[in-house]
Amino acid sequence: MIINHPLLGPRDAAEFTYLGDVSLINRPDWKDAEAERKFHDYLYLRDNPAGEHRELWYHEQGDRSWLVVTRDTVTHEVKRVELAREAALAMGRGK
Amino acid sequence: MRYSAWHILKQGLTGNKGWQPMWREPEPKPAYDFVIVGAGHGMAAAYYLAKVFRAKRIAVLEKGWLGSGNTGRNTTIIRSNYLMPANQPFYEFSMKLWEGLEQELNYNSMVSQRGIMNVFHSDPQRDAAARRGNAMLFSGADAELLNTDDLRRKAPFLDFENARFPIKGALWQPRGGTVRHDAVVWGYARAADALGVDIIQNCEVTGFQIQDGVCTGVETSKGPVRAGRVGVCVAGSSSRVMEKAGIRLPVESHVLQAFVSEGLKPALPGVITFGAGHFYVSQSDKGGLVFGGDIDGYNSYAQRGNLPTVEDVCEGGMALMPFIGRARLLRMWGGVMDMSMDGSPFIDRTAITGLYFNGGWCYGGFKATPASGYCMAHLLAHDRSHATASQFRLDRFLRGQLIDEKGVGAQPNLH
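Chains as they are written, first to last, in this note's numbering: chain A, -7 to 87; chain B, 11 to 425.
Honestly, I wouldn't trust all of these hints.
Residues on chain A that point at chain B, a partial pick, calculated with CB under 7 Å [stated by the list, open to error]:
1) L37
2) H68
3) G84
Calculated directly from the structure, the hints in this document are not laboratory data.
We put the CB at the ideal spot given by N, CA and C, even for glycine.
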């Protein structure tokens, strides 16, 4: 698989390590009244779709940036790559 | 028809005209007491449900044909060399069922207890192997610690003097081995069919009939089927199927690749695993070296992997037994694994009454087939877990009761 890095251009997926579903950006608030259940869902449960999947990749052997890759889990086709920072800000994190 | 040497002789002398199909191909009836989705572990579950738990009116629904899923995509290894008390009794139960399987089913599943050796490369690894071996002995399994002299007699071709990973010995389980994978499901199917189980192939489950939190049946590509209890045994596709019931699972689907070399003369004494990387190999009865290693490490339903993992697996093979570099690769394939968040499986009720789940087998599904089927049948018949599978619960993450066999935290890519 080739991941088209937004800053560095096309890079081999072997340079990256994989974390998982993009929802791992959305760490729950530990002060939330439902924090225990929310952390369980956040840590352990997955949508695990067959088809389009947004996921976090870390460019460990490159610029060490976190990326959000939109990839088809049935064909391995990479459809979109964005910086995780921008994706997280778009989700309303960091406010 | 009961298979025997006498029967082969008789058929051979009469032109082999008397053989019959091994199972019927019925259309689904409108209702059953038990509907089992998935004909891998599910076929074993249906057999034990009919045989041991005396249930009637059972159907097994299979999306493709028998053996088309992960039954046909594993590396055929059986072993019971686990450490955790939640795991080891279950896998030892499975091993005992393997040992009696062919007589039980009257079917040649080619169960071959040629042994499994887990090679270690350092003193701490020897300590860990001794501890694991003791845990195995406590569970009633067999285990021996081999030193390098023992190991050289069994497997002289190993790279004992490897500069980076010198071999210091191995944990040896003589009762481990290999089984012909297709013949397992064929044997269970034939025996289950003879007990009246309806095996319905090319019948995909498209939804569940759920009313007020009770599952009353399934929707299929061959029409609706009502059921008293529904058991889902579709590891690899668990999330896709359980999503139809509105259940999110602690599972990610990953691709695991496996490889077969060209046929060689008998060389390997049994199953061999590398202790310094992740590589395992056995030799099939046809002579091919069957081997594999790590999962590719990203979510996938593609049933094929990518080349960096191929290179990684082959590097492990070369470090363990350099002669493997002279064998040409015949074929390779990928299977889709239910990678659970602690590396251990589930055999449990769900939040929906009448709906039961079996999955999350990670790398270890094949060896578990008989016990998984037996424990699933126990759960379906009695609505409570079998003693050896009582920890394989879906809510164990919420309760903090993880079965982290490898001693690592929440990662879906354990094995």
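Original post:
Can we keep the A:H68 interface hint, with Cβ of chain B closer than 7 Å?
Top reply: holds, 6 Å
Subject >> Per-residue hint verdict: A:G84, partner chain B, C-beta under 7 Å >> reply: violated, 22 Å
Original post:
Close enough to count: is the Cβ of A:L37 nearer than 7 Å to one in chain B?
Top reply: holds, 4 Å
When each numbered hint is compared with the structure, a violation occurs for hint 3 only.
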